[in-house]
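Visitor: Single-letter residue listing:
Protein chains: 2
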Amino acid sequence: MIRGVLLDLSGVIYIGNELVDGAAEAVRRLHQADLPVRFITNTTRSTRAVILRKLARMGLDLDPEALFTAPLAARAYVQRHGLHPLCVVHPALAEDLPDTAGEAYDAVLVGDAGHEFTYENMNRAFRLLLEGAPLLAMGNNRYFKEADGYSLDVGPFVAALEYAADTKAVVLGKPAAAFFQAAVGELGCAPGEAVMVGDDVASDVKGAIDAGLKALLVRTGKYRPDDEQQLRGTGADVVDDLVAAVDWVVRARDQDR
Amino acid sequence: MIRGVLLDLSGVIYIGNELVDGAAEAVRRLHQADLPVRFITNTTRSTRAVILRKLARMGLDLDPEALFTAPLAARAYVQRHGLHPLCVVHPALAEDLPDTAGEAYDAVLVGDAGHEFTYENMNRAFRLLLEGAPLLAMGNNRYFKEADGYSLDVGPFVAALEYAADTKAVVLGKPAAAFFQAAVGELGCAPGEAVMVGDDVASDVKGAIDAGLKALLVRTGKYRPDDEQQLRGTGADVVDDLVAAVDWVVRARDQDR
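Note that the protein sequences, when read in sequence, are chains A and B.
Numbered per the numbering used here, the first sequence spans residues 1 to 257.
Numbered per the numbering used here, the second sequence spans residues 1001 to 1257.
Calculated from the structure, these hints are not laboratory results.
Don't be surprised by glycine CBs; every beta carbon is placed ideally from N, CA and C.
It is possible that part of the hints are untrue.
[What the hints assert, rightly or not] Here are the simulated distance ranges between beta carbons:
1. B:A1177 <-> A:K168: 40 to 46 angstroms
2. B:A1252 <-> A:G212: 56 to 62 angstroms
3. B:Q1255 <-> A:K168: 42 to 48 angstroms
4. B:A1092 <-> A:V170: 36 to 42 angstroms
5. B:E1018 <-> A:Q79: 43 to 49 angstroms
6. B:A1177 <-> A:G102: 46 to 52 angstroms
7. A:A94 <-> B:E1103: 51 to 57 angstroms
8. A:E120 <-> B:A1182: 32 to 38 angstroms
9. B:D1166 <-> A:V170: 21 to 27 angstroms
10. A:H115 <-> B:A1092: 19 to 25 angstroms
11. B:P1064 <-> A:A177: 55 to 61 angstroms
12. B:R1080 <-> A:K168: 47 to 53 angstroms
13. B:A1092 <-> A:P36: 54 to 60 angstroms
The task is simple: from the sequences and hints, build the whole structure.
Guide: Structure representation (structure tokens):
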């Protein structure tokens, strides 16, 4: 029985600065079908407020509580553990993170920092890790699609620091099971009653399945044809886009009723 | 029977801009003992000519042929395979590498590029890899010691690109067995008759042992006390410094005579 839906944002709801065709109606259809929805994203180049404004400009108005982001999960983790991380993150993200500048750092928190991934910043992070600071990662995504092609996401730089300091990051976004399960908790259902819809075969789809959810891969965003081979035997389905995913979800829910 | 010696440079022969205490005499002692020597390095921030001048200034004059570098091994590989790599390397290295600027790139060659490891350069490399270009790495060292602390070497950035593009680099410096064996070939002996002396437990010592050489770790340069645990059961020995290493080598050779 399907009782809730998690939707990835970039590549599923929108690409670049436009909604995917039919996305706003598809989201409305989920609401009309009484299926609770959370939008979950590892995007670490924008605060929640900025993402909400961007979606609104494109024609999708969301309740702030419906947006579940990796940076907010990271902030909660850092506060829970009383840490003062050096943040190697995108400058636009500052508002959603604890301000630890000037403190004695005892952790490293890495997001998709883009051009902030300088040699100098990587070295500062590395030296803290060598001293035993934990490495916190807002995701481990490999790359994402920009207007001019694919670009490196946070994952490769986390891999670099893990290799350099012979350590393992704590992942605070997708595909960490704890992240999916926290989002499912807000849907008010069990993991096996939730469907995750994403365009990233590893982070969205396999991550969700490993966390006990059902999952759908859409053929939009960063989807590449050979992604489908990776899903053989996982139980995940592949559909063309968000509209087809919502069709799939509503039909599966109605069949089970 | 020991019939030849490979010496790492940075951390073994010199640290910063000074020879390790007794290094010049230790090298002379090897010559006097009729033990052929090659100096092998993954340093990819200087051409062979610059390294030779630097050593001479510090008081060690070497025959150019005695210096075996990862960039020269990389150049040979690229020429042998007819490749035109995008080079993400330190600007100072240009003279020792093929000039492929402006050509259609069909490979990526990565060295210890330091501040050239910008997000933009990493992205350019990544996009070529996604199209199927091979990744060539002048080593996979994790870090090295600078005057102000440890700094990231080439290995972490190779790990980042491997993770991003789901590929595996061809390593053209230490710890690649082919690199050690090519250097041993110049000594005119078999791998089992050669001793490698290094300060990097993974790249120098384990690499040499995996290539069939004997190996000594020195407690200078990037050595850290817990390195010794990693060598248990490998047959590698640990000595204080180059002087002690040469003592060890000459004594072992004389015992076997």
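Visitor: Each hint should be assessed against the structure and marked as holding or not.
Guide: For each hint, the structure was consulted:
The beta-carbon spacing between A1177 (chain B) and K168 (chain A), approximately 28 angstroms, falls outside the hinted interval of 40 to 46 angstroms. Range check, A1252 (chain B) to G212 (chain A): about 59 angstroms between beta-carbon atoms, so the 56 to 62 angstroms window is met. At about 44 angstroms, the beta-carbon gap between Q1255 (chain B) and K168 (chain A) stays in the expected band of 42 to 48 angstroms. Evaluation of the 36 to 42 angstroms hint for A1092 (chain B) and V170 (chain A) yields a pass: the beta carbon distance comes to about 38 angstroms.
In this structure, E1018 (chain B) and Q79 (chain A) meet the distance hint of 43 to 49 angstroms, their C-beta atoms being roughly 47 angstroms apart. Taken as a hint, the range 46 to 52 angstroms holds for the pair A1177 (chain B) and G102 (chain A), whose Cβ atoms sit roughly 48 angstroms apart. For the pair A94 (chain A) and E1103 (chain B), the beta carbons lie near 42 angstroms from each other, so the given range of 51 to 57 angstroms is not met. Range check, E120 (chain A) to A1182 (chain B): Cβ separation about 35 angstroms, and the 32 to 38 angstroms hint holds.
The hinted range of 21 to 27 angstroms is satisfied by D1166 (chain B) and V170 (chain A), whose Cβ atoms lie roughly 23 angstroms apart. At roughly 24 angstroms, the beta carbons of H115 (chain A) and A1092 (chain B) sit within the given window of 19 to 25 angstroms. Judged by the Cβ atoms, the range 55 to 61 angstroms given for P1064 (chain B) and A177 (chain A) holds: they are separated by roughly 57 angstroms. Checked against the hint of 47 to 53 angstroms, the C-beta distance between R1080 (chain B) and K168 (chain A) comes to roughly 38 angstroms, which is inconsistent with it.
Our hint of 54 to 60 angstroms for A1092 (chain B) and P36 (chain A) holds, since their Cβ atoms are close to 58 angstroms apart.
The structure fails hints 1, 7 and 12 (numbered hints given earlier, in ascending order).
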